[in-house]
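S.K.: Reassemble the complex: the two chains are provided individually, in unrelated frames, and hints are given to aid placement.
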Amino acid sequence: MFGYEFMKEAFIASTFIAITAGLVGVFVVSRNMSFLSHTLSEIGFAGAAFGILVGISPLAGMILFTLVSSIAVGSLSTESSRREASISAISSLFIGLGILFLSLSSESSSYATNILFGSIVGISSKEVNQLMILALFVIFVFIIFYKPLSFDSFDHIGARAAGLPTRLLSIAFLVTLALSVSIGAQIVGSLLVFVLLTLPGATAKYVVHTVPKLIMVSVGLSLAGVWLGLYLAFVTNWPVTFFISAFEVIAYFLGLSYKNWKLNH
Amino acid sequence: MDGRQYYTDRKDSEEIAVIEAKDLTKRFGKQLVFENLNFKIPDGEFISLIGPNGSGKTTLVKIMMGLEKKTSGELKIDKSQTIGYVPQFRNIDLDYPLDIEQFVRLNLKFTISPTKRRENNELIKTILAKTKLTELKDRPLGLASGGEKQKAYLAQSLLNDPKILILDESTASLDVEVKMQLMDLVKELNEKYNLTVIFITHDYELTKKYTSRALFFKGKTLEEVKVSDVSEDMFEMGS
Ligand SMILES: Nc1ncnc2c1ncn2[C@@H]1O[C@H](COP(=O)(O)OP(=O)(O)O)[C@@H](O)[C@H]1O
Ligand SMILES: [Mg+2]
Chain A
1 MFGYEFMKEA FIASTFIAIT AGLVGVFVVS RNMSFLSHTL SEIGFAGAAF GILVGISPLA
61 GMILFTLVSS IAVGSLSTES SRREASISAI SSLFIGLGIL FLSLSSESSS YATNILFGSI
121 VGISSKEVNQ LMILALFVIF VFIIFYKPLS FDSFDHIGAR AAGLPTRLLS IAFLVTLALS
181 VSIGAQIVGS LLVFVLLTLP GATAKYVVHT VPKLIMVSVG LSLAGVWLGL YLAFVTNWPV
241 TFFISAFEVI AYFLGLSYKN WKLNH
Chain B
1001 MDGRQYYTDR KDSEEIAVIE AKDLTKRFGK QLVFENLNFK IPDGEFISLI GPNGSGKTTL
1061 VKIMMGLEKK TSGELKIDKS QTIGYVPQFR NIDLDYPLDI EQFVRLNLKF TISPTKRREN
1121 NELIKTILAK TKLTELKDRP LGLASGGEKQ KAYLAQSLLN DPKILILDES TASLDVEVKM
1181 QLMDLVKELN EKYNLTVIFI THDYELTKKY TSRALFFKGK TLEEVKVSDV SEDMFEMGS
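Those sequence lines, one after another, are chains A and B.
Residues in the first sequence are numbered from 1 upward in steps of one, following our numbering.
Residues in the second sequence are numbered from 1001 upward in steps of one, following our numbering.
One chain only, chain B, in its complex shape (with noise of 0.2 Å):
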């Protein structure tokens, strides 16, 4: 089935929300960090997560985690959601020793069955495939480029299947290219599969080119908008 139609089919599923925050607060001890967040993340949605460094967009998306508490008000995550996480920072370093396919695979569940083994090769070989890594599963991810890296952490996120892909600013260090490949390849994902993808970034260009609707850390709270009215001044550092 082509990518696009399927997009289009999913119309009058639009409205689905996965993601619903009411009054969402966060504190860190006396420090806010938000407060009375309200938002709707609709089922298959790209959307793009905004704001200054330090605005809360890292704490957020660990609230839906499960990884950080939340202070007060609501979040509701759809139970049948997995959610596929990508975390800001990695500590890969070139001495890492393991290769891209090991690195992967790190996220599979233990078995002994040989059926559940054979599964689990096919899956590995499916993901790398779908992440475009195939050529590069035997290369020491530590003596990775810096895509090839984001690749591979996309990859183990997407192995157990999620509905839901957090990923937090990993384009951020790429150059335009790479990035653009990155992209490409998540919003393939995103079309093909129906996969909601949540999108941290501080890049302009990506959230205009790739991204339906940006929410938006202003001050404590958070404003959703419409991705033609998105300008370059949300993306000014420490506004």
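So that you can see chain A by itself, here it is in the shape it has in the complex (with noise of 0.2 Å):
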């Protein structure tokens, strides 16, 4: 399938894509951030619908919004039951808006199916190389921040305790996410990408026991999910992100199996 110059593109981009989401997935569960990824990728959705309305690219635009909205988070109350109920509302928002700029858009309505459903296979060199700028970025905030980020996130009462940055850190963190978001839609499509961001992560969780084991065990499903799509996709002609949501929503289900078998073993 490497003879096609589109596969390799689409190859290098995806394995890019997935290292940085099982990265930052891990601790999206270990902060409880799963519903807030979701609703970042709805988000995202207004964002790449505006930067098609202006005339930026949807890439651009979904950076913007998720970027503004995740801050926003940051600085918003930090009693999580009444953050997600603001967030919720303000998603509902958000999606009417992308259907908004999308219908006032000139653009064919096959650009609203990419942006929703991903369109890895059609990814250009250029858009390669943005891509991996900016998951390599995210990888680089990870390396920095990897000590202090792992505290706060598996115990952040405990950092707080230490005399931790833990403010500091939470907005490092929600930018990455913010990122990731807007990487990982451009493959999986932002309607799934908290697939991508939640359940590798949250697989590694029941079946290993360590920050350096559940990344790579995060990575290692994200990785496996996206190139088995891929493939998939490229022989079977159906799309790659139903084979990546199966593969991971298979993996997750192993996984907490594994867990109840080995409570009662």
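Just so you know, the hints here were simulated from the structure itself, not pulled from any lab data.
For glycine and all other residues, C-beta sits at the position ideal for the given N, C-alpha and C.
There's no promise every hint is true.
Reference excerpt, derived from the structure (chain B facing chain A, CB under 10 Å, subset only) [as the list claims (entries may be wrong)]:
(1) F1028
(2) G1029
(3) G1084
(4) Y1085
(5) P1087
(6) E1101
(7) E1177
(8) Y1204
Over 12 Å on every C-beta distance to chain B, these chain A residues come out as not near it, computed from the model [what the hints assert, rightly or not]:
(9) P148
(10) V211
(11) L254
M.R.: Here is the structure:
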């Protein structure tokens, strides 16, 4: 399948995206932000539509919207229940806005499908480069903040007690989350990007018990899903997104069963 | 060296205060939490901080930790004194993924130097042994018992070699036997390493048995009480 240039591009882009999503996903799960990452992808949809409407790229529009809203969330009340309620209220507004932007723009509706469901196979080498740079930036931030971010994500109260700058860490994390949503959506689409951002991390939690291993398993599952998805899509001509989400969901339930099995043995 | 001897050897240095408050006052907006607190905590003392719910115990230790701002007055803490703090509430649910050793390791500083890494591994080993967690180190913290969890919290707070240890209701909701084990452990650290301990509690028996003095929130002020004068009615909730 690598005989085709577009498959090579798709493969490189999705590899970077999968590594980023798997890495960030471990922290999304440990910080209890699955819900927020879902909302951010809906906001990202509006951002992409906005990008199309005003003539910047969908990726740029997405980054703009997700960055602004994740930082807004970061400065919102820290009490999580109240935060979730206000987030879900805002997210429905954004879906509506996305639909509005799309209908106002003169582009064809295939654009909308691409944003919602992903379009990895049609990706250009310029876009691949953009995604790679963004992915490397996210990975770089994680390397810099690895220790304190792990502490804050796996024991927020302890991290505060130890005097860590938890506010700063939270904002740094939200920025990387926004970027991950935006780049992940390029492959699986904004409708399902949270699959890549939450399921591998959640599955890892059921099978391993150290931060480095969580990251390895999560990245591994994310890569396996994306590679397998690309291959099967190439062979069958069915959508990549279908295979990726099916793989990650199956892995998740296998992980869950494994954990329950281990609890009883 | 025998712990007890060390304890008596220390006698003449006992007057060195590691923490000293002068007219310390805290308000949250208009709400007065406490007013004009004056107290000294000598080096190496095992002291309890008692008072009804909402009287300001947690707020006071948060001010010591620099996690809350005082409204007025003074709080002097000896610069050489690192503080280990075990907060009152922790959200560790059944699904919590890290094992006990990994949880403790969260408080390690980042390093790529192989020497430092080896030192860190040694340190973790020592701390796990000190807190009697060596055999439990691979158990997921989410599945650990209440007492094991408290020991893990304690172990984590001991990583940066504190001279003062603050325990905020660490024994609440533990069985009597488990409470005693945890307290024996803390007492051992107190005697062996001259660790100053500030122990927030609602437990009359533990205060009597383990501490040498109590700081008692009475209304908006704090009274120093000799342990022999500590009475059960000081622990009546909401008084
Ligand atoms: N961050 C805060 N903002 C406003 N009020 C607070 C805050 N933290 C504590 N309080 C109030 O201060 C008082 C003392 O609380 P706290 O120190 O937690 O008491 P204790 O630990 O003795 O039970 C309570 O009335 C509590 O509601
Ligand atoms: Mg309290």
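S.K.: If any of the earlier hints don't hold here, list their numbers in rising order.
M.R.: 1, 2, 7, 8, 9, 10
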